[in-house]
Amino acid sequence: MSDFKVNIRERSGSIHVMELKGYLDAHTTPILEDSFQKLLNEKKYRIVVNCRELNYISSAGLGVFMAFIEDVRANEGDIKMSDMSPKVFNIFDLLGFPMLYDIVKTEEEAAGKFSKN
Amino acid sequence: MAAKQTYRISIPSRTDDLHKVRTFISDLARAHGFVDDDINKITIAVDEACTNIIKHGYNYSPHHEIEVEVVRNGQQFEILISDNGKQFDPGSVETPDMKEYLSHFRRGGLGLYLMKRIMDKVEFDFNRDRNTLRMIKSL
Numbered sequence: 000m001s002d003f004k005v006n007i008r009e010r011s012g013s014i015h016v017m018e019l020k021g022y023l024d025a026h027t028t029p030i031l032e033d034s035f036q037k038l039l040n041e042k043k044y045r046i047v048v049n050c051r052e053l054n055y056i057s058s059a060g061l062g063v064f065m066a067f068i069e070d071v072r073a074n075e076g077d078i079k080m081s082d083m084s085p086k087v088f089n090i091f092d093l094l095g096f097p098m099l100y101d102i103v104k105t106e107e108e109a110a111g112k113f114s115k116n
Numbered sequence: 000m001a002a003k004q005t006y007r008i009s010i011p012s013r014t015d016d017l018h019k020v021r022t023f024i025s026d027l028a029r030a031h032g033f034v035d036d037d038i039n040k041i042t043i044a045v046d047e048a049c050t051n052i053i054k055h056g057y058n059y060s061p062h063h064e065i066e067v068e069v070v071r072n073g074q075q076f077e078i079l080i081s082d083n084g085k086q087f088d089p090g091s092v093e094t095p096d097m098k099e100y101l102s103h104f105r106r107g108g109l110g111l112y113l114m115k116r117i118m119d120k121v122e123f124d125f126n127r128d129r130n131t132l133r134m135i136k137s138l
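Quick note, the sequences are listed as chains A and B, same order. The opening position of the first sequence corresponds to residue 0 in numbering that gives the first Met the number 0, with each subsequent residue numbered one higher. The opening position of the second sequence corresponds to residue 0 in numbering that gives the first Met the number 0, with each subsequent residue numbered one higher.
Simulated from the structure, these hints should not be mistaken for laboratory data. There may be inaccurate statements among the hints.
Said to hold, decoys possible - One-sided and incomplete, this derived list gives chain B residues near chain A with beta-carbon spacing under 8 Å:
1) 14
2) 15
3) 32
4) 36
5) 43
6) 94
7) 97
Said to hold, decoys possible - No more than 25 Å apart at the CA atoms, straight line, and that leaves these computed lysine to aspartate or glutamate pairs for DMTMM-like:
8) B/98 to B/66
9) A/20 to B/26
10) A/86 to B/15
Yeah, the Cβ is synthetic: ideal placement off N, Cα and C, and Gly gets one too.
Chain A extracted, bound-state conformation (with noise of 0.2 Å):
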């Protein structure tokens, strides 16, 4: 079966980062669901989605930052993302999704956009 993880952790400024590991398809999407229905549930808004260790995603993989970004913002919060591989990146401009969501290159620069909110 096709392999992926999650790893959440939280850094300063009460921001959860999301580490994304293998391959988001159909067949895992759940498990990236899920993680996201936790923070929510712990009303953990501030998320930076890392995708260093992302290598691939489908589109029902974007169908999950599509679900949750509408509730996260009108809690004051946002999902900004980074450290794609140009080909996951490639998939995400494809759609225009980089009008939507802030794609950058490290978790650092992702974090600190919080911070200027």
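Following the hints, complete the assembly by docking chain B onto the known chain A.
Then chain B, alone, in the frame of chain A:
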């Protein structure tokens, strides 16, 4: 020009077998001479097609088959994906307006759009109770 070569794989209609078809396609696309970014995109196009068949064609019933065939012919990389699930009418799927889609936080319905954005040609046929999707990308 190299002779025409044909390769086949069959996977069960289950999302936990999508990785098998991805490996099959990416290995062949690499052997055909595509660059990494195109290999990833072609793999996604096939993943989206198979996911749609599992979801809409077979309604997640896991006891069916999806046949995938690749024909390498000169510069051309042709992929044929067939199933005997519910007939698919491509005219029933609206092309999303991505600006509107994103601004209204929509979800789902991007698979066919991605396939069309990625591949040079995407065609559907329904014959003898089988859907066949034909996608082509050339070097």
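Going down the list of hints, with the structure as the test:
1. 14: 4 Å, holds
2. 15: Cβ of residue 15 of chain B sits 4 Å from chain A, so the hint holds.
3. 32: Violated - the Cβ of residue 32 of chain B stays beyond 8 Å from chain A, reaching only about 17 Å at its closest.
4. 36: For residue 36 of chain B, the interface hint holds, since the closest Cβ of chain A sits about 5 Å away, which is under 8 Å.
5. 43: 6 Å, holds
6. 94: 12 Å, violated
7. 97: Holds. Min distance 4 Å.
8. B/98 to B/66: Violated. Residue 98 of chain B to residue 66 of chain B sits at ~35 Å, over the 25 Å cutoff.
9. A/20 to B/26: Distance of about 21 Å is within 25 Å: holds.
10. A/86 to B/15: It holds: about 23 Å lies between the C-alpha atoms, which stays within 25 Å.
Taken one by one, the earlier hints fail for this structure at numbers 3, 6, 8, listed in ascending order.
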